[in-house]
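Generate coordinates for the entire structure from the input sequences, incorporating the hints supplied.
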Amino acid sequence: MSTAAAGHHDHDDHGPAKGWTRWLYTTNHKDIGTLYLLFSLVMFFIGGGMALIIRAELFQPGLQLVDPLFFNSMTTMHALVMIFGVVMPAFVGLANWMIPMMIGGPDMALPRLNNWSFWIMPFAFLLLLSTLFMEGGGPAGGWTLYAPLSLQGGDSFAFVIFSIHFMGISSVMGSINIVATIFNMRAPGMTLMQMPLFVWTWLITAYLLIAVIPVLAGAVTMLLTDRFFGTSFFNAAGGGDPVMYQHIFWFFGHPEVYILILPAFGIISSIIPTFARKPLFGYASMVYATGSIAFLSFIVWAHHMFTVGMPLAGEMFFMFATMMISVPTGVKVFNWIATMWRGSMTFETPMLFAIGFLVMFTIGGLSGLMLAITPADIQYHDTYFVVAHFHYVLVPGAIYSIMAATYYWLPKWTGNMYDEKWGKIHFWVSTVFLNVLFFPMHFVGLAGMPRRIPDYSLQFADWNAVASIGAFGFGFSQLIFVYVIFKCIKGGEKATSEVWEGADGLEWTVPSPAPYHTFEKPPAQFS
Amino acid sequence: MSLISRVSVAAMLLVSMAACTGNNMPVGVTPISKEVYGLHMMIFWICCVIGAAVFAVMFYSMFKHRKSKGAVAADFHESTLVEIIWTAAPLVILVAMAIPAAKTLIAMEDTSDADVTIKVTGYQWKWQYEYLDSGISFFSTLDAEHNAARQVGAGIDLTKFGDNYLKEVDNPLVVPIGKKIRFLHTSADVIHSWWVPDLAVKKDAIPGFINENWAFIETEGTYRGKCTELCGRDHGFMPVVVEAVSEEKYNEWVAENTPAAIVAESDAATAGTVEASADDDREWSMDELMAKGETVYNQACAACHQANGQGLPGAFPAIAGSAIATGDVDAHINIVYAGKPGSAMAAFAGQLDNAEMASVLTYQRNAFGNTVGDTIQPSAIKALR
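Going down the list, the sequences are from chains A and B.
Be aware that the first sequence starts at 1, since it is given in the working numbering, and climbs by one per residue.
Be aware that the second sequence starts at 528, since it is given in the working numbering, and climbs by one per residue.
It is worth saying that the hints were derived from the structure and are not from the lab.
Among the hints, a few may not be true.
[As the list claims (entries may be wrong)] One side only, chain B facing chain A, incomplete, derived with CB under 7 Å:
no.	residue
1	Asn551
2	Met585
3	Thr631
4	Val679
5	Leu685
6	Lys694
7	Lys730
Just so you know, even glycine gets a beta-carbon here, dropped at the ideal spot from N, CA and C.
Structure follows, in structure tokens:
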């Protein structure tokens, strides 16, 4: 190890290459992290644009703007883009930037693999988005691609499947890289239980991804052969089983839900102690709670399927297992509050987003507890109540954590402080519109409005108009986010290495902006 | 009156107001739906209490423990006792919730000893109801006026439909009150889901499977619902309407609508049966076939192939100028009769009677600029069966 390091000594000071090839050929974890984050930002606006088409059509009853088939392809693509193109790449980008710096390693363990796993993504999404311009349009059977409906699509379906394969390959490679990095690149003497919680949650997330992405790959490959090569995996008339698809899909899909939230838990666990100026409460129980959530995620999948006609014993099992999830999740929320308790809090933008996360994720978690009650779920299932629930855990959950992380680490990345005034405006405007957008969905859902419909009965008209106004407000207020980010990249008040008064962790020991190469000599405090 | 009971009365008033204005789950009209509503409200209040407690502590801390108020950070960061308490306490609440939920679930799944059994089959995009006891069978589709109003850019004033916009059908399901009705759910194409909120009945209709559930309706009335599983382009437009009537009225309705009666009316179209009728054997004129064919086309074909016969490129093929609709008669009959496996093209043998199928085939061959010029007679379809 030491001889290898010595052999590369003459490269120690070199900075990034010049021009666009820097980004194409880069193996630097910071460059690749930046690429992932910018990619995610672009996709956020594409997916958001689709959401605005949906909300524009739903602004009033009757069909004004789009054909129902196109509406269905918008709901399908909105979900695929937001899940695979926004939240997952953003978390991978944050992992790239922060994990090596948090564990005192010089880079990711597998830098060329890292380059490859990013550069697959733009092509995967080019394939996916191009289907919108093909004959027959994009996929319109919902992001879950339930057979047999998804098999009715046009020939563009093959492009959808291949793009999912590419995204999957990218995710699995990224995950392998993260696992290898965490196990091999930690500063000498740093034990697993000394790692920041963001590193822990990503370690567990990476294992979830490695476990379930191949399951998704198998499921969509079976769809592909059913559609194009005459097999009958999911075709009842040919001896197949449409419900089997749902079991396989949700065996992937439920862990996927936690893939979208566990890194967020890690981010919030970094930010709250900083701004409370007090160490995280219950570090060990946070780690165990994350592990428990990951384990439970594998045994609750059929709670997405309470209406498919499972045997009573199956419904009982999945109801009880699902209710159990609220225990470790509750522990996390209580620990965060205990961290704030008797702290010395200030409320800069990252803290505002973290508190927004805490409040609204809890609301989403509580409606999740309601959904676990099977007899009630049978009424809630596939209504806007469910739409409200998962948007409360994904938007002020996953998305807010990503925004909190961006504001929190942006000074470390750019060397400049962001504009605090506009950051706070961004938070408050987003939070108001977000609740105007998603809260009324609880009401229309309970009152009987199914999800995935382009037109609805008149008693739902008022709340849908309100939600659409919220949607446009929330969508356009994200332009503030872009403004703050680019303003911060261009300049601003210089940041110190520590940046935040209460910050604790190795990433705050390097200068701001973080040099192109950090920790080429490992930090010594753990050995 | 104690403070607690005053607060709870006020809270109940608030909730019932919310329910009246259509912001809450309906209480419904079956014993099960009432139990489900009770469970829903119980878990809702539990969540409210937990949420209020959590947020109270959080916001107290945010106001009290802020640096600007001179708060100095404490240094504690774990307490085994506290952590055990807040792991165990939710478990107790969960067990308390799980017991009544499990009881209701067991009751919901008990479909034994039913008085009436109705098979519900989902199609893209309509429902078929078959009364297994009396042999009554018919299709139920979105009402024609509503269907016209929901076309893109139709610009029709929707307020005349009131709250029932998109919740009106041509033939509602008629069921008796005070009887245990068992529903059998299946599908002819993709997965649908049959939902009536007032009955707390929601079950997926899955091709190749038969699912069951049941309802015991206590009050007469019309109860409306929707398909809740995405089933393609017109998923939002296949409502469910259930008319619950007294046992006497139900028996009258059954007597009027048993298949023999339908044949006598020679109006098979409204009931959608495939019984043979005298019409099948006579020679139909081109004009007759075209006129009937247009009606049938708009009901059965236009959702996919579009009212102008142009289809949606890539998703649904055009009828205008199509090789099938302008080509060999037998191939054309076959694809409508038997469907095209692996595509959205359904087999219409069970959905259209002989005259309907013959007229729609003739219409497709001679409309939208197609000029084959031949007629297909109901007798030719009859010969296939």
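Do the hints match the structure? See the list:
no., hint, in the structure
1, Asn551, "5 Å, holds"
2, Met585, "5 Å, holds"
3, Thr631, "4 Å, holds"
4, Val679, "4 Å, holds"
5, Leu685, "5 Å, holds"
6, Lys694, "6 Å, holds"
7, Lys730, "6 Å, holds"
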